[in-house]
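Student: So you can see what is in the structure, the chains are spelled out below.
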Amino acid sequence: MSLLSVRDLSTEFQSGGRWLEAVSDVAFDLQRGEILGLVGESGCGKSTIAYSVMRLLARNARIRSGEVWLEDVNLATLDEEELQDLRGRQISMIFQDPTTALDSLFTVGHQVIETLQEHLNLDPAGARQRALELLRQLGIPAAEQRLKAYPYQFSGGMSQRIALAIAIACHPQVLIADEPTTALDVTIQAQILQLIRRLLVDEQGTGVLLITHDLGVVAQVCDRVAVMYAGKIVEFGDVHSIFSKPLHPYTQALLSSLPSKGIARGRLENIQGRVPGLADRPSGCRFHPRCPQAKAVCRERVPPLKQVSASQEVACVLYD
Amino acid sequence: MSSTTNGGRPLLSAVGLSKYFSLETGLLASLRGKAATVKAVESVTLDVYAGQTVAVVGESGSGKSTLGRLLLRLLEPSAGQVLYQGADIFGMNRARLRAFRRQAQIILQDPYASLNPRMRVGRIIREPLDIYGEGSKAERQKRVHELLERVGLNRNHERAFPSELSGGQRQRVGIAAALALSPRIIIADEPTSSLDVSVQAQTLNLLSDLQRDLGLTYVFITHDLSVVQHISDRVAVMYLGKIVEEAPTETLFAEPKHPYTQVLFSAIPLPDPSRRMNWDLPKGEPPSPLNPPSGCHFHPRCPQAMSACSHTVPRFQTVGRDHGVACLLYEEGVN
Numbered sequence: 001m002s003l004l005s006v007r008d009l010s011t012e013f014q015s016g017g018r019w020l021e022a023v024s025d026v027a028f029d030l031q032r033g034e035i036l037g038l039v040g041e042s043g044c045g046k047s048t049i050a051y052s053v054m055r056l057l058a059r060n061a062r063i064r065s066g067e068v069w070l071e072d073v074n075l076a077t078l079d080e081e082e083l084q085d086l087r088g089r090q091i092s093m094i095f096q097d098p099t100t101a102l103d104s105l106f107t108v109g110h111q112v113i114e115t116l117q118e119h120l121n122l123d124p125a126g127a128r129q130r131a132l133e134l135l136r137q138l139g140i141p142a143a144e145q146r147l148k149a150y151p152y153q154f155s156g157g158m159s160q161r162i163a164l165a166i167a168i169a170c171h172p173q174v175l176i177a178d179e180p181t182t183a184l185d186v187t188i189q190a191q192i193l194q195l196i197r198r199l200l201v202d203e204q205g206t207g208v209l210l211i212t213h214d215l216g217v218v219a220q221v222c223d224r225v226a227v228m229y230a231g232k233i234v235e236f237g238d239v240h241s242i243f244s245k246p247l248h249p250y251t252q253a254l255l256s257s258l259p260s261k262g263i264a265r266g267r268l269e270n271i272q273g274r275v276p277g278l279a280d281r282p283s284g285c286r287f288h289p290r291c292p293q294a295k296a297v298c299r300e301r302v303p304p305l306k307q308v309s310a311s312q313e314v315a316c317v318l319y320d
Numbered sequence: 001m002s003s004t005t006n007g008g009r010p011l012l013s014a015v016g017l018s019k020y021f022s023l024e025t026g027l028l029a030s031l032r033g034k035a036a037t038v039k040a041v042e043s044v045t046l047d048v049y050a051g052q053t054v055a056v057v058g059e060s061g062s063g064k065s066t067l068g069r070l071l072l073r074l075l076e077p078s079a080g081q082v083l084y085q086g087a088d089i090f091g092m093n094r095a096r097l098r099a100f101r102r103q104a105q106i107i108l109q110d111p112y113a114s115l116n117p118r119m120r121v122g123r124i125i126r127e128p129l130d131i132y133g134e135g136s137k138a139e140r141q142k143r144v145h146e147l148l149e150r151v152g153l154n155r156n157h158e159r160a161f162p163s164e165l166s167g168g169q170r171q172r173v174g175i176a177a178a179l180a181l182s183p184r185i186i187i188a189d190e191p192t193s194s195l196d197v198s199v200q201a202q203t204l205n206l207l208s209d210l211q212r213d214l215g216l217t218y219v220f221i222t223h224d225l226s227v228v229q230h231i232s233d234r235v236a237v238m239y240l241g242k243i244v245e246e247a248p249t250e251t252l253f254a255e256p257k258h259p260y261t262q263v264l265f266s267a268i269p270l271p272d273p274s275r276r277m278n279w280d281l282p283k284g285e286p287p288s289p290l291n292p293p294s295g296c297h298f299h300p301r302c303p304q305a306m307s308a309c310s311h312t313v314p315r316f317q318t319v320g321r322d323h324g325v326a327c328l329l330y331e332e333g334v335n
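Protein chains in written order, with the numbering used here: chain W, 1 to 320; chain C, 1 to 335.
The following block holds chain C by itself, in its conformation from the complex (with noise of 0.2 Å):
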């Protein structure tokens, strides 16, 4: 793919960009005077550049997917903004938002539940075009034969609803609906988590043939490092909803800095029997972004932890050529 920063402006950024869930209201809320407060995503910057691929990498809780339906407004934020070509998405009025949206579409992990089971697959994959009122008819139809032979799909599913699909062919037919109005990025929520490996390895393999035939950017956000491997350019490593570690793949494969990317990788169970895991696990689970921890969010489980970690926030700072972490171990005059 192209470099990491090829010198122009970003095609999506998202700057200091928060979400903020109010989780209890009502009553008992009031009477305690302070609704419960998740800061599902806090101050998230993020660039990410035509044609290539930003992986966001999180377990639950991590604000992950959150932060994708920022990025495309499913979703108002707190605070922050998300630019798109340089125009904030969240300052648009309905026809520039409506505009946007057909440039930037999303695909989900669950084909189970994400394709409405009483719709047909011609229908689903028509239903953009329909609503954005491209082409005639005709013209409707045959693009959506064309899709359907562009996501390895024929025209023999085009009258089968989804029950009647595999968990792949579900997720192709959530991909060519993604695609119908030729979109210029799409943001990928676990795209491949449902699926059995080799069913993961075709799926991965079309979403790599569309980039490079369309030309498409992709957020692609996963709980699965392995993955990211062969799909990403850039990954962002993110904890209880703040984006820790920020790199180019191979960068962050070869050297990841923050202690909570070093402890994920050393959580993956590589499919060699010769290479076992040596089982120094952190700690404890992810605490609840409910209550989040003081300091660094991640230092009550950090096998690096100082006494500092507890009550000082880190700053995101550059340690290496695009790479850039948040921990204090990289601080000067911290440690």
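Here chain W stands alone, though its shape is the one from the complex (with noise of 0.2 Å):
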């Protein structure tokens, strides 16, 4: 049985008295110890995937149809209880702004312990040797001294340690990362990635959602790849295969708009036009009008995603 299990999921938004789908028909497997990536430009709805899973949906959003299994529960159908009880202890998150997840009014150390105590039944003094392990683990020196300050008191990159060690600590089966290293610098970024690879996903076999619009960290800590184009997983793989033969023009054209080191100096391939809005999704394919590739039956069918190999799945007519 996959760890996390997301069915047919279609998430709307309420505007101006219409509801626009945001994400539509998305289906995945997230398996323990692994990384799974959701990669898309604004607005392709791989965050409100992500609050959709948690149910941390805003008033004006609601799941309209699908399955979100964890294990053998659908988070779907629970009430906000049963929620609670999950949170934290069997499925966590972290957002790109870590101050989001800190009380500013209180020391980090309160909070930390809080969450310990909450919900692993520890006694004051447990949780804040538990507390200090925690920080220690997530390379945050002078741990002592750090559990005394507030969250004004720490930069960005010590502020998301602080939020993944509350997050990790109940030992939740799942992660869900929202962009947890684009506001910070390269070097903590990469600090932080190997955070996540190496502690909680190869040592405690943590099941890992990251969310994010860099394809550099998708390539350097990602298992598989989902690629979110306008509401909808258009290829979905292994990262080795996505990356060395993407197969969907979306895909392609994405890779090959990258800067990187190897290029030489000269003009970067890139898309014309723009993303459509969530009220002027196009027919058929939603990446037809923008395609270099596009044919006539890419305005009227819905390309499903179909598996063309053993890694890889796309939804492409150019595949049929």
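FYI, nobody ran anything at the bench for these hints, they're computed from the structure. Using N, Cα and C, we set each Cβ at its ideal position, and we do this for glycine too. Among the clues, some could well be false.
Claimed, not checked - No farther apart than 25 Å at their CA atoms in a straight line, the calculated lysine to any residue pairs in the SDA-like style are these:
| # | chain 1 | residue 1 | chain 2 | residue 2 |
| --- | --- | --- | --- | --- |
| 1 | W | Lys148 | C | Lys142 |
| 2 | C | Lys283 | W | Gly139 |
| 3 | C | Lys283 | W | Tyr152 |
| 4 | C | Lys283 | W | Glu179 |
| 5 | C | Lys142 | C | Leu210 |
| 6 | C | Lys39 | C | Arg9 |
| 7 | C | Lys39 | W | Gly156 |
| 8 | W | Lys306 | W | Ser283 |
| 9 | C | Lys283 | W | Arg197 |
| 10 | C | Lys283 | W | Arg89 |
| 11 | W | Lys245 | C | Asn278 |
| 12 | C | Lys142 | C | Pro183 |
| 13 | W | Lys306 | W | Pro246 |
| 14 | C | Lys39 | W | Ser155 |
| 15 | C | Lys283 | W | Arg198 |
| 16 | C | Lys283 | W | Gln96 |
| 17 | C | Lys283 | W | Gln204 |
| 18 | C | Lys283 | W | Lys306 |
| 19 | W | Lys295 | W | Ser256 |
Claimed, not checked - Which chain W residues stay away from chain C? Per the calculated CB distances, all over 12 Å, these:
| # | residue |
| --- | --- |
| 20 | Arg18 |
| 21 | Thr77 |
| 22 | Tyr150 |
| 23 | Pro282 |
| 24 | Pro304 |
| 25 | Leu318 |
Mind docking these for me? Both chains are given alone in their own frames, and the hints should help you get the complex.
Tutor: In structure tokens, the structure reads:
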């Protein structure tokens, strides 16, 4: 059984009296001890998937259909009390801005220790001991003093380490990381990614759903990747296959628009036009108006995600 | 682009440029006897030749944005000069400064924050022309249309508010406004950092086209080394207020000398899963610019630090053709 299994998830937002679909029929499995990357540009729905799985959607959003199985529990049907019990203990989340997870009025120690006491039924001394252990594991120097400090006294990188400490305090099986290193400098980003990869995934067997716009981050730490465009997964598979042989024209375009070391100075490839808004998503394949290989049929047919090799699935009529 | 040192005088130079910010003022600071000072930019010397792009690369707190603002005199320096065609911009009177400012413009990172949300796009682009009293009203209007087209927008965008545009389109509006007065040099401060990769590619291509067609000179401030290779002729790497290495782009990418530059390269997540990083990362975080380490500022994080590094300030010196580095590893008689 997969650790986390998302089935035909559709999530919509209310805007001006209409419900607009942000995520359409998305399905994927997350296994123990793997990092699954969910990659795409702004507005593709990748964060909406995270918030749907966590059931943390804003008031103007709702899951229209679909199931979210955490082992044998369907999160999509739980009530708030049942969810509270699972969040943190079984499934946790960290965000792009780590300060959103921290309360500026309390010391960091208070917040970490409180989480531990609540979820693990530890006495104050035991919780404090565990908090110190966690901070050290996460590479926070002078952990004793740091527990007494307030969030504003922490750099972005340190705040993200603290948010990560709180998120993994109860050894959740699943961690959802929504652009966890986007706001950090590259040397700090590398440190945080290393922590997630080594400590969480390789040592503890946590399953991580990593949401990012950064294809470099995906290539460096993910095992498998789902490429999203306009609310749908257009390509899915093993990270090596997708980077060495991208099949979907969107994945191809995205990879060739990257500036990277080893490519001489010159023009970058780019994708014509812009990502469509929720209200004006095209018919058929949603990428067809921007696709250099579009055919007449692409305007009408919605291509399903189809297995084309042992390690790759793609949603494109070119592979029918 | 043109060769690195094309014999002539640089268009813009920083000479021994420093900017210190005093953090605490008032009673507490005076009781303590001294105000805390951040040396945001310290003794920076940099030449920018006409038609070239010089990239200034660094992480948060490196002082790269402060340097950008000093180059346009949006800040007054604590020491040093900025020479534009040989004249110190800090010694200019109002009239000459005004003349300088029409030739030197800035593009900012966040097109969401840098455009006035209450102004329509046409007015944002026209504003510099209005301020400088360029031409008749009809001529200004014509110029706005030219500029919109030049940056890949059209007349339909003229009546739009910034909120109605995408991030990439807003950045184009920022670029059009910067171009309005036909400047010779543009300081671009993280112009593509908040954009998606495909939009980033469009914007970088636009900046290259504009440089080719209009003969522009760029100072390109960024934290992203992977962007640098596509846009710049020279690169200056900053760490805690100082330039630690400067070289032609190709040289820097082929042979980074400073351990910090090497660390920066190794931390870039390459979009290639077959070349995963070895995770030999620098320990710790960049120290606070309030209390920078003695000697070489990088020594506590440096994988190659020697005992001398904690007390000797390295001199910036030449190590190859147009290649300078400030590191004791390359200083004779120290190691």
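Student: Which hints from the list above does the structure break, by number from lowest to highest?
Tutor: 1, 6, 10 and 18
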